[in-house]
Amino acid sequence: MNFDTYNYSQQLKKDLEVFQRWQVLIEALSEANQTAEILDITKKILAFDVHKSEIMRVASEHWYPNTHWIAVAFSNLAKMTSLSHTQVILPKMQKVAELHFEEFPNAAFQFTKAPLAAGGYYLEEISQNLRVAYWDIVNKRFYLDTVHFMKLVQTEAIQIAGVEALTIFQKRLTAISYLLKDNEYSIDIVGLDMTDTQNLMMQQKDLSAEILDSLFVEAAKQNFVLTLLQNDKDGAVLKIGSVSLEIIQHRDQQEHAVWQYDIIDNNKRVTIYTLFQQLPFFANWYEKWFNEVGLKDKRAVFVD
Amino acid sequence: MFNLNFTICQYLKQQFSFFDFVATSDEPSIYQVYIGTWWDHRQFAILDVLSLTLTINKKIVSEWQETIKLPTGANINDIQIREIKQITNGLQTFLDDETKRNLEVQVLNDQLAQLKENKSGLLGRTDKKAREELENKRDLLLASQQRVPEVKAKLAEHESEMLQLEKDDALRHLEIEEILSHFDDIDAFIQKVDHLYVDYLKTLLQKK
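As you go down the protein sequences, you meet chains A and B in turn.
Residue numbers for the first sequence follow the working numbering, beginning at 1 and rising by one.
Residue numbers for the second sequence follow the working numbering, beginning at 305 and rising by one.
No lab work stands behind these hints: they were computed from the structure.
There's no promise every hint is true.
[To be verified] With a straight-line cut-off of 25 Å between C-alpha atoms, the simulated DSS-like cross-links for lysine-lysine are:
{"id": "1", "chain 1": "A", "residue 1": "288", "chain 2": "B", "residue 2": "471"}
{"id": "2", "chain 1": "A", "residue 1": "288", "chain 2": "B", "residue 2": "389"}
{"id": "3", "chain 1": "A", "residue 1": "233", "chain 2": "B", "residue 2": "471"}
{"id": "4", "chain 1": "B", "residue 1": "363", "chain 2": "A", "residue 2": "221"}
{"id": "5", "chain 1": "A", "residue 1": "113", "chain 2": "A", "residue 2": "95"}
{"id": "6", "chain 1": "A", "residue 1": "171", "chain 2": "A", "residue 2": "151"}
{"id": "7", "chain 1": "B", "residue 1": "389", "chain 2": "A", "residue 2": "221"}
[Stated by the list, open to error] Below, a sample of chain A positions facing chain B; criterion: calculated Cβ distance under 8 Å:
{"id": "8", "residue": "115"}
{"id": "9", "residue": "212"}
{"id": "10", "residue": "216"}
{"id": "11", "residue": "217"}
{"id": "12", "residue": "225"}
{"id": "13", "residue": "226"}
{"id": "14", "residue": "227"}
{"id": "15", "residue": "228"}
{"id": "16", "residue": "236"}
Beta carbons: idealized from backbone N, C-alpha and C, even for Gly.
Using the sequences and the accompanying hints, generate a full structural model.
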């Protein structure tokens with residue numbers, strides 16, 4: 001075969017252009033400080049096909065997968081939304097960055113690929129393997145995993161950090177979801193937003209009396225009293241200091257009893273997850289009757 | 305009637321602030337009287353405003369009297385709850401072993417398949433004995449597995465029974481606590497209820 005030096009040099013030039021485009025994207029990500037810009041660049045990074053380079057090949061420990069870049073992009077959003085510091089750490093011999101949020105010094109988070117045809121990534125706590133959220137940058141979706149997050153807030157690392165740390169973290173995630181919502185994202189962070197802690201719908205209609213009996217008994221064992229709701233509201237209320245957890249029943253058009261949680265906190269600092277963390281009996285009851293009293297979330301995207 | 309009802313209920317509320325009155329729809333002079341406003345509070349008495357009588361549920365009162373004789377923190381249903389708990393623990397252990405049993409069945413099936421493959425071997429009689437032993441073991445495990453739905457139902461039944469007993473204890477505890485925060489003892493409270501008619505009339509006369 002004849003070797004055409006000119007053609008070879010032209011292919012090299014094309015390959016270098018591919019890598020130059022890559023460099024421009026990474027530099028842009030490092031400098032981006034506007035949500036739309038961060039999202040746009042990240043989308044391009046995720047879609048970037050390095051195999052367009054034909055003769056120059058990447059064989060280096062410094063080549064990172066998409067889960068790494070999505071973590072970097074998320075850290076940019078996390079830094080924009082909280083005064084509490086976010087660190088991007090690349091552990092030795094690892095290819096994916098870990099996120100360390102100042103409020104949780106004993107926990108580390110990373111992104112993993114969701115096993116879905118639609119794509120997307122899970123943000124999860126590494127040591128417990130518990131998901132926080134699903135982020136699909138292509139189809140613009142950001143959903144909280146209410147089941148895993150409920151378990152996460154009860155883990156030792158998060159318990160040790162305390163209620164104030166959980167407040168900071170919830171505020172941070174809520175603020176990120178607001179940023180994404182402003183960029184036409186579909187958002188589902190049920191129960192997380194401290195300014196929106198009412199009308200949290202339960203999965204099941206027509207709860208049996210046994211379920212609230214069970215909460216009454218478990219609360220009583222911890223010297224809390226589940227009382228009947230007054231003022232024409234139907235249901236029960238648990239008072240925890242100045243905070244009230246109301247469990248309310250309505251009738252829908254088909255005359256089924258629809259149940260919801262309302263958390264009443266004038267200081268707007270307590271969510272249902274704060275209560276899961278602070279009241280183990282409530283978290284245990286929630287887990288036991290999860291199929292009935294669990295929050296409705298976008299379960300379909302969370303695959304185990 | 306409305307005024308009379310209102311006046312009597314108001315008087316009773318002054319005397320027993322922890323009473324909750326619920327009007328009956330078919331009998332305007334009859335009220336159901338509950339203690340406290342907690343979940344599933346029990347009806348303690350029936351109030352007839354015309355005869356000014358408060359007919360108390362004697363069973364509830366005797367339960368209180370029985371409870372206060374027990375050591376602090378103990379409840380009437382403690383023994384029964386403990387017994388049921390033992391049963392439910394056993395049932396739960398059986399259910400928790402489901403995965404282990406499934407794995408054992410799988411292992412036994414693999415061993416049986418292996419024996420089948422080796423049947424042309426020289427150890428024919430030993431093989432037969434080993435196969436029978438394995439089959440017996442597997443059948444025993446499968447029989448256990450078949451009991452799972454029945455055990456689950458039994459567990460749910462016992463848990464439900466235990467919940468009812470715990471609820472009754474919790475209700476009694478709250479009722480007693482509420483009464484003792486207003487009266488020296490249960491007898492003093494009952495005495496006050498029994499004197500309701502006389503006390504109310506005395507109050508009316510004093511007003512005149």
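Quiz prompt | Pairwise hint evaluation, residue 471 of chain B against residue 233 of chain A, where the allowed Cα distance is 25 Å at most | solution = Measuring from Cα to Cα gives roughly 23 Å; hence the hint holds.
Quiz item: Minimum Cβ distance from residue 236 of chain A to chain B below 8 Å?
Solution: holds, 5 Å
Self-check item: Status of the residue 225 of chain A interface restraint (C-beta, 8 Å, chain B)
Solution: Given a least distance of 5 Å, the restraint on residue 225 of chain A holds.
Practice problem: Could you check if residue 212 of chain A really has its C-beta closer than 8 Å to a C-beta on chain B? | Solution: Where the cut-off is 8 Å and the nearest Cβ of chain B is about 6 Å from residue 212 of chain A, the hint holds.
Exercise. Answer holds if the nearest beta-carbon of chain B is closer than 8 Å to that of residue 217 of chain A; otherwise answer violated.
Key: holds, 5 Å
Quiz item: Taking 25 Å as the top limit, are the C-alpha atoms of residue 113 of chain A and residue 95 of chain A close enough?
Solution: With Cα atoms ~14 Å apart, residue 113 of chain A and residue 95 of chain A stay inside 25 Å; holds.
Exercise. Identify whether the interface hint at residue 115 of chain A stands, where standing means a beta carbon of chain B within less than 8 Å of its own.
Key: Hint on residue 115 of chain A: violated, closest Cβ of chain B at ~23 Å, above 8 Å.
Quiz item: Does residue 226 of chain A pass the interface hint, meaning its C-beta sits closer than 8 Å to a C-beta of chain B?
Solution: Hint holds; residue 226 of chain A Cβ to chain B Cβ min 4 Å, cut 8 Å.
Quiz prompt | Closest C-beta approach of residue 227 of chain A to chain B relative to 8 Å, hint status | solution = Residue 227 of chain A check passes; min Cβ-Cβ to chain B is 5 Å, inside 8 Å.
Quiz item: Between residue 363 of chain B and residue 221 of chain A, is the straight-line Cα distance small enough, at 25 Å or below?
Solution: holds, 24 Å
Quiz item: Given the proposed pairing of residue 288 of chain A with residue 389 of chain B, does the C-alpha separation stay at or below 25 Å?
Solution: holds, 17 Å
Quiz item: Measuring from the C-beta of residue 228 of chain A to each C-beta in chain B, is the shortest one below 8 Å?
Solution: This interface hint holds because 5 Å falls under the 8 Å limit.
In the structure shown, a violation is registered for the earlier hint numbered 8 alone.
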